[in-house]
Each structure stands twice: as C-alpha cells, then as structure tokens.
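**Student:** Now for the letters of each chain:
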Amino acid sequence: GAVVSQHPSWVICKSGTSVKIECRSLDFQATTMFWYRQFPKQSLMLMATSNEGSKATYEQGVEKDKFLINHASLTLSTLTVTSAHPEDSSFYICSASVYPGANVLTFGAGSRLTVL
Amino acid sequence: RKEVEQDPGPFNVPEGATVAFNCTYSNSASQSFFWYRQDCRKEPKLLMSVYSSGNEDGRFTAQLNRASQYISLLIRDSKLSDSATYLCVVGASGSARQLTFGSGTQLTVLP
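Residue numbers (my numbering), protein chains in the order written: chain Z, 191 to 306; chain V, 473 to 583.
Worth double-checking, as some hints may not be accurate.
[Said to hold, decoys possible] Pairwise CB distance ranges, derived in the manner of DEER restraints:
1. Z:A299 - V:R531: 22 to 28 angstroms
2. Z:C203 - V:A489: 24 to 30 angstroms
3. V:Q570 - Z:S244: 36 to 42 angstroms
4. V:C512 - Z:H197: 17 to 23 angstroms
5. V:E477 - Z:E242: 31 to 37 angstroms
6. V:C512 - Z:L258: 28 to 34 angstroms
[Unchecked claim] Some chain Z residues close to chain V (C-beta under 8 angstroms, calculated; not the full set):
7. V252
8. N293
9. V294
10. L295
[As the list claims (entries may be wrong)] Simulated crosslink set (PhoX-like; lysine-lysine; CA at most 25 angstroms straight-line):
11. V:K514 - Z:K231
12. V:K474 - Z:K210
13. Z:K210 - Z:K254
Derived from the structure by calculation, the hints contain no laboratory data. All residues carry an ideal CB built from backbone N, CA and C; glycine is no exception.
Use the sequences and the hints to build the structure in full.
**Tutor:** What follows is the structure in structure tokens.
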C-alpha cells in the first residue's frame, strides 16, 4: 500500500529557532501534499496545500512567512516552522493521495513539535 | 456550529459489546464521507468510506443519512484492539483540500 514517511517524529527546540519537517511519498508520486496541524483533543486543521513546482496554497489564518513550504520534487515536501514559539507546539501531519485529485488520504506518522 | 460534530466520548465498553458513533455535518452539499481511526499520538488511518446505500466491512458498518445530515459507525463484537479515536471526515467535493475533520470520538474497549 501507499506509504508516506515523515521525519522527524518528534522535535524539541528553543523559542526563536526554526524547525524543518520532511514528508516523503515512498512508493508513489505526489504532485500535491497536504499539511495539517492538530492540537490535543482537537480536529486536524488543514494549514496548506503543497504543490510540486509551484507555490503552496495556504488556508485562511495561516502565516505563509512563518510556515514555509517547499515541494521541490514529486516525492518530497518540507514544512519549516520559522522563529518557533511555544504556541506553535503541536502535532504536524502531512498527507498525500495516491491518485491525483482524489480525496482518500494517506498520512505520514506525524511530527510532534515542542517549543520551549 | 462546527462543520463536523462528534460526541467526544469517551466510550468505555466491554469486549464483545456493540457500540455506535454518530457524526453530524452542517454542509448539505457535502459529497464524500469517511471514518478514519487514530491511535494515540499516531496518524489517522482510513477505516472506511461511507456510501449512500450504507456499507459493511467485517464488524464495522457505516451508514449515511443525507436528510438528517449525519453518518454513523457501528462496531460489533468489540475487540481490545478497537480502542482508538474515530474521526468523522466530510468532503464538500472530490478534492482533498475540502475535507473537514471532526475532533473524534474516543473508544476504549475494556477486558
């Protein structure tokens, strides 16, 4: 089956530093990947749609200068949380669909970010 | 009102019990419906899609009621391994960008 690999699975950083999270589709090509954020006991909230070779599409309220997304190849998207603050501490999950345009998603294992 | 609403639970049931979850959605134009399962501190995994005619996969049965705008998940003969959070997901179209996730219903199956 389709596999999405996400790294790192957890990271602790100091306030003000930047953190990069990688998301790879291992056995399929993904022209589009999705980045979600999930706070405890809350639903997954879509942050942005990552598009291979073009700019990401950010959801309302998500700061594009703070959450930098790069989708440089058909199998890799990265999310960089710049100048992280404690309120950015959350569970970040990427996903992709094996079939372009389909809405059945395969998720990465998630990255738990803790900002001290 | 939330777009997708679920009873957060927790539901604590004994092994072998039958348990049902409901989920309501606000957008009457919604076209696609799913149940995902999320284990603690893990990623969501697709459990099943929900079709208009209802569908069954082993011990799991999903139903859709468009008139009342809710979907349900029934789990029969609960196993310890069914313990997880069950997420209701509703799509406004066929695009993954328009999926809305519920906050989940927590199930614990007790020995």
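**Student:** Each hint needs a verdict: does it hold in this structure or not?
**Tutor:** Going down the list of hints, with the structure as the test:
1. Z:A299 - V:R531: 22 to 28 angstroms: 26 angstroms, holds
2. Z:C203 - V:A489: 24 to 30 angstroms: 44 angstroms, violated
3. V:Q570 - Z:S244: 36 to 42 angstroms: At 19 angstroms between Cβs, range violated.
4. V:C512 - Z:H197: 17 to 23 angstroms: 20 angstroms, holds
5. V:E477 - Z:E242: 31 to 37 angstroms: 35 angstroms, holds
6. V:C512 - Z:L258: 28 to 34 angstroms: 30 angstroms, holds
7. V252: 13 angstroms, violated
8. N293: Because about 4 angstroms separates Z:N293 from the closest Cβ in chain V, which is inside the 8 angstroms limit, the hint holds.
9. V294: With a closest approach of 6 angstroms, the Z:V294 hint holds.
10. L295: 6 angstroms, holds
11. V:K514 - Z:K231: 13 angstroms, holds
12. V:K474 - Z:K210: Violated: V:K474 and Z:K210 sit about 32 angstroms apart, past 25 angstroms.
13. Z:K210 - Z:K254: Holds: Z:K210 and Z:K254 sit about 14 angstroms apart, inside 25 angstroms.
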